[in-house]
Structures are given as C-alpha cells and as structure tokens.
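Which chain is which? The protein sequence lines are A and B, in order. FYI, in this note's numbering the residues of the first sequence are 1 to 436. FYI, in this note's numbering the residues of the second sequence are 1 to 443.
No wet-lab data here; the hints were simulated from the structure. Only a predicted model underlies this, so the values are computations on that prediction, with no experimental measurement involved. Any given hint could turn out to be false.
With a Cα cut of at most 27 angstroms, we get these calculated DSS-like pairs of lysine-lysine [to be verified]: (1) K153/A x K428/A; (2) K116/A x K378/A; (3) K300/A x K428/A; (4) K181/B x K428/A; (5) K153/A x K181/B; (6) K268/A x K378/A; (7) K300/A x K423/B.
Covered stretches of chain A (chain B as the covering partner; in silico rule of three or more C-beta atoms under 8 angstroms from a C-beta of chain B) [what the hints assert, rightly or not]: (8) 152 to 162; (9) 325 to 337; (10) 358 to 369.
Every residue, glycine too, gets a C-beta built ideally from N, C-alpha and C.
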Amino acid sequence: MLRFIIALCLTIGATTARAEIDIQEVTSPGGINAWVVEEPSIPFVALELRFRGGASLDLPGKRGATNLMTALLEEGSGDMSAQEFQSTLEDLAASISFQASDDVVSISARFLTENKEEVIALLRQALLEPRFDQEALDRVRAQVLSGIASDAKNPNAISSAVFNAAAYGDHPYGSSSDGTVESVEALTQQDMIDAHRNALVRDRIYVSVVGDTTAETVGALLDDLLGDLPQDGPPLPDYVAYDLEPGITVVDFDNPQSVALFGHRGMKRDDDDFFAAVIVNRVLGAGGFESRLMTEVREKRGLTYGIRSFLIPRDHAEVMLGSVASSNETIAEAIEVTRNEWALMAEEGMSAEELAVAKTYMTGEYPLRFDGNAEIAKIMVGMQMVGLTPDYVTNRNDFVEAVTLEDVNRVAAELLQPENLHFVVVGKPVGLESTP
Amino acid sequence: MTRLFAALAIMMSAIAAQAEEVTTYTLENGMEVVVIEDNRAPVVVHMLWYKVGSADEPVGASGVAHFLEHLLFKATDVLESGEFSSIVAANGGSDNAFTSYDYTAYFQRVASDRLELMMQMESNRMNNLRITADDVETERQVVLEERNQRTENNPNALAREQFRAALFQNHRYGVPIIGWKHEMEQLDLQDALDFYDLYYAPNNAILVVAGDVKPDEVLALAEQYYGVIPPEDQLPVRERPQEPPQRAERRITYVDARVSQPYVTRTYLAPERDPGAQTEAAALVYLAELLGGSPFTSAMGQALQFDTQTAIYTNASYSGSWLDDATFSVAIVPAEGVTLSEAETAMDDVITAFMESDIDPARMESIRTQLRASEIYALDNVQGLAQRYGAALTQSLTVEDVQAWPEVLQAVTPEDIMAVAAKVFNRDQSVTGWVVANQEEAR
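Excised from the complex, chain A in its bound form (with noise of 0.2 angstroms):
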C-alpha cells in the first residue's frame, strides 16, 4: 500500500533532559504526505490537518467566506443535518475542531482508537460533503456577527484592528478574517461553496497524526480521507510589504486602562539569522518575568501586569511587536520606557551572560513541549507548514547553540528599529496624541 516509510529515532535535547520521538513520514499511494508517531500507550489518537491558504484566499467583497465556511464544516454534511452529524461525534466520544485563520484552515480530532473508522468517515463527509443549509449558514452567521460586534467594543481586538488596516492596507492582513458586518451579511451559500472549493485543496495539505495507530494504519487512509478534494486552488495572494510611518495612534475609548500594540517590520522564518532573532525577542520581551521589557517596566516600576514583544512571520508579511496595558495616566511612561529598552538592545546588544541564560532555556525547555499526544501532533504540522524536516527535532537546539554574541548583538542592532515603532494606544491615555 505504502510508497515508503522514512522511520528516524530522534534523540532531542542533548544538552539537558532527552526525548525520544520517532517520527515517520508517510505518503499515501495517492501522494500525500504525513507525519506519524506512534504512541500506543493510551488508547486514542489525536489528528491534525493544515489546509494552506485560509481566510486570505477570501474573494474580493467577500471578507469571511472562508471563516463562515470553516464553522459550517461541522454543520451538516452528506445526510446530516447539524444536530445529527453533532450528536453522532457526541455518541462516539470524539471531538472534531475546525478554524479558519488568515494564513490556515486547522482541523483537529481526538478519537479513541475504537472508533477511528466511524470518526474518519466523518469527518471525511465534513470535508467532501458539507451541506451549507441556509437555516445552517444564517444560524451560524448571527453568531459571527455577534463576535464582530463584540471585537468593536474589545480594547484588544480594536488596537489589532487599528494596527492591521494601517500597517496592510488592503492586503487580506489588513482585515480581520471575520469579516465585517457588510460583507458577512452578504455572504450565501454560493460563496461557502466557493470558499469550500478554494481553500481545501490537495496541493496545501499538511498531516500529522500521534496516539494508538500506525503509520501503515495512517498511510492507507489518507487517500481515503482526503483524496477526492480538488487538486489545486488560486493563488495565494502576494507577499506585502510592512508599510506603517512610525509614530503614535491614540484610539479614544472610555476604560480605566489603555491597552497599546506595538511594532516594526520583522524577519522571515528561513533568514539564516532566525534563531539570533528569536533570542534577541527572548532577552527583549518575550522571556516572561526574564525579559528586559517585563524587569523594567513591571518588576522595577509597577506600571503593568504583564507586558511582552513577539517575532511573527507570517506567509505573507512578518513584523515584530510588542502589546502593554497601563493605567490611563502612566501608559505613557510604560511607552516611554518600551521605547528606552528597544533602543538600548539595538545599541548596545545583550551580554554574555544574557545570551547563555536564554541558550539554557531554550534548549532545556525544546524537549518538555513534547508530552502529549496532541501537543507533539500540532508541533508536528507546524513544522511541516514552515518546511523543516523530522530531523529538525534533532538538529534545532543545535542552531540555538551554534548562534554566537556577535550574531545576536548584530541582529539587533538590524532588527530593532525603535525609531520605526508604530504604537496604537486604546483608551484614555495621559499626555499622549496621535501623531499627525
């Protein structure tokens, strides 16, 4: 049945604790790929399917197709109606999630191994044959609207919203994949067909599959589960450039705290300096109570509860930020500070010592993410999706150990830019105003 199985044993964590995980790679008679780990100590599976593309592959004037087509998979398929396809999967003891987000379509199932036929057949007919029903599609859409209508009174959501449209303008990034009230309103069932026939494509699968099965189990129902989708879909949209002016946008909303978002353009997965940026963001803001921004801005002053930076590389953009929330009248200090340490990384680069810490981190805590069946399965599909191979379970703490003082303390001096930081403050906020 199998063209071929890769079996590799991995040893991850070399350093400090070790973890053994033997990842196979499956393909299908039909071509399509899979990760496998088999793990039979107890009795289920977990699944999780990438589909490439999500809700950016939404049509022009139809922003939350492929969010409101996602949510209807689960709605009604072949001869169920919502509340039969529901109350079998209850039957059975299985979950099956589906989410559309700008870059993916995610689906994750958890069955017991018992029940993996009835659970695969349906959750193929969910994928082959969903059913759209108008009373299905209109139900489903109040709801929608409903959480944009919640996102227009949501601090957070408003400053990703504000941040968004500015720094994306009218690439997808720019929206959010819910839609708005215009165009969700409009949508039909044609364009959940639509959305359906786009998104979920053969060429933009990625599989992975952990628990009590095989990967001769997994390679002989790929085809089955997925092989009748289209084969391809249109393009993907073009890659945007971050174009946001530096400056302030102060969003006037009525809350004891404003809420900030912050940010610069950022580095993409496969630049060869990745890791030197992923430990530069660690040291900055994204290493909990360790980071500078956190000891500065809440350990010393007090001025948040929790403040971090983040290194996003989307398929289509990346950008680096960074979100606090401060008391209306000393947002303005935990700003001015945020400001402070960026400029100082960039500067003066982080010590010795600093970069050791993060290494020891890093490669200590790489191991302990891979202790559960469903944990090892969502790591398993991320990897596929940004192109590394098994064996980067073995190699990666390697590329955190090969990353030397000079190549982060260059790194930020590139990356950082905090005279090209971007805030969009939400809320009420004390001697500040939006630059013009």
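Following the hints, position chain B against chain A.
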C-alpha cells in the same frame, strides 16, 4: 443507534481499568504528598498547594492571598528577588502560581532530573521570605494593573463580580479573588506577612509531583526538603462563615456602555463534591450537560437555537470543585429582535419543560460515554491530573474521593438528576443578572 451505545459501553468498561498511577504519603509534619507517574516524556510538574485561598482572608483585607502569591517571587534568605524564576528558566523550565477561593498553588515544569532543585527552592520560600516595603509598593501597583486588565476593563467581569456579591450573603465566595479595589489599595507588608506566617506551613500544604519520576525517590526528596520544616501549631480550623437560609430571589441589571451584546444569566447555589458524598455533584454534571452542554443536543440548545431562533448562544454550567457551596448557572444571549425578558422567559420555559419530562435514555448514555472517554483523554495531560488532585485535596476531598469520582459519575441515574435539579432550581437561592449597554436594552 441504541446498539452502538451498548457496544461502546462494553468496549469502554474494558478500558476504564486504565488510570493514572498514583502513590500517596503523609510526612511526619503533616504534609501530604501525591505522586503521579507518567514516563512518556522526561518531564516533571512540581506543584505545591496551600489550603488557603481568598475565601480565608481576614475581613477588610480582600486580595491579600493573591497579593502574597505575587510576593512569593521576591527575595528569601538565600534567593534574590526574581531569582526563583530565573533559576527555573536557566534550567529550561517554566514556573507560575495561581490563587483561587480555596487554594493558592505554585508550580514548575522542568526536566525530571531537576526536581530536587525545585524542591529545594520551593521549600525554602515556605518559611524564609524577606519581602521589603519597596516590594510591597511596586507589587501592589502590579496587582492593581492586573485588576484593571482582568476586571475594570471588562464589563462582563464587572457584572460577574456584582452577581457573585449578591449571590453569597455571608460566605467569602462573594468577594472577588483579586480583591475589591479599595481594599487592595490599602494592603501593606504586615497584611501579607500575617497571612504568610499563619498559613504557609507543611501541615497546610499538599505536594503534587507528576511525570517521569519514581515515587520512592520523590518521597525521599520530600522528606529531605519539606519534612524538616516544623508544622504550624496555630493553624486555625478551616471553618468559614456559611450561607444562612436564602429567602428571596435577587435580580440585578448591570448597565455598562462597553457591553456589545445584552444577555441574561442566572446562578443558583448548588451542592459541591463532599468527602464520601459526591453523588449530587455528579448528577449536576449531567444536569448541566443535558440542559445546556452541547448547543446541538442539549435541551436549551435545541429549543432556543434550533427549534426556534430565540438565542445565538445558550449554556448551562456547573463545577463541583469547591470547599463550600458550589453554583449552577444558566445563560442566554438573545437573537436580534428578542428582548431580555422574552429570552429569560424562554429559558425558564425550557427548564420547566425539562422538569416535567423524562430524560432521554440515549442522551443519558451518550453523556455517560463521553465522561468515560474524558478519563482516557485526561491521561494525555499530566499537569491536568496533578491539578485535579491538588485542587481536590485543598477542598477537603481525599485521594479516594478523586479516584472514585469517575465511577460515581458513571453510576448517576435519571432519578438522581431530577432530584438534585428540583433542589437546585429554587429561585430564592439565585441571582438573575441582566447585562446591557443602556437602559433601553433592559426590557
């Protein structure tokens, strides 16, 4: 369909023998130790649970339990401020803590060969904290910002706070865990130290270690690091003010311009899981599922979201994990054009109809199956298992109660459910809350 249920039931009773491997000890100083073995990954979760939470706070010092939790990351006699977390991170681990009404817990997740270091540090800060007035000043600002973030900025959280304060007429469950803002502003070093000195002691703590460990090795380490700490002989008996008989329904309308979607909730007092007596709580788990669990198959979901388009969301919820009274809640978010009073009436009609009909045996079996399967899925998450034991043991349950719980759930009958439902659905012991953006929506 019925045949399928029968087949499933047989298949899964065979599986049910599989459960977590748990070993328990009690140290001479009274500290309880629970070890859960899971050798799938070289990871260990080390959790220390104190049997003290916000509902044990002195009157006027609300928030001190949570405030103290923050201060435990400051200096001790051998650790500098912040060094605890730095050392955990330098060892590739992560650490945090959380406070609830009934407990305060500290945990680290590390490679299993670092367990001893975690015990060394965690046992050190049980008695040797060296907090300063400066720490208190700064950290009080942090917890006030936390309250801003969680509560003051969130109209739904503010509404919940109002409803809980009205539901509990005497018990401290009516006071928010994070504290009332005006009392948080007054918390000082002495408040924190008094609470720390009294409650942070081995005879008020439960150690839960879960992961790739050997029970006898954990016990040896626990004796070495925790076993040498003397017990607190002033530890008060844990008897908190209880609710008087409640005699009147309470209704609250919370108005906040930041509300995007009006809704109705109702919360009733309900029995909690008690040692050796968990049947009512188990029946309430079923009641929540039957009434408002899955939107596709529950009574409220079917009647209000499918048979009629009264609601865009409905829910019933219950958790039995409380030392004192638990709560049972129902909620409805009306569809466009449906008023809150229409929505509330429709919700009550569903409850009334539920009380007047028999429980569908197929639904009953489906929930039974899902609960049994959830025990299998739970084995995939060793930290979740650790929390299950830690929380229960701070809430007066025993290890035997925790281990009996899945079977108690399996044994629930329709009669158990109807009996507890009749007891819980008493409006005199409830708060009905309307959450709206303006008075016009309150109709």
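Hints versus structure:
no.: 1; hint: K153/A x K428/A; verdict: holds, 14 angstroms
no.: 2; hint: K116/A x K378/A; verdict: holds, 19 angstroms
no.: 3; hint: K300/A x K428/A; verdict: holds, 24 angstroms
no.: 4; hint: K181/B x K428/A; verdict: holds, 20 angstroms
no.: 5; hint: K153/A x K181/B; verdict: holds, 24 angstroms
no.: 6; hint: K268/A x K378/A; verdict: holds, 21 angstroms
no.: 7; hint: K300/A x K423/B; verdict: violated, 52 angstroms
no.: 8; hint: 152 to 162; verdict: holds (count 4)
no.: 9; hint: 325 to 337; verdict: holds (count 3)
no.: 10; hint: 358 to 369; verdict: holds (count 9)
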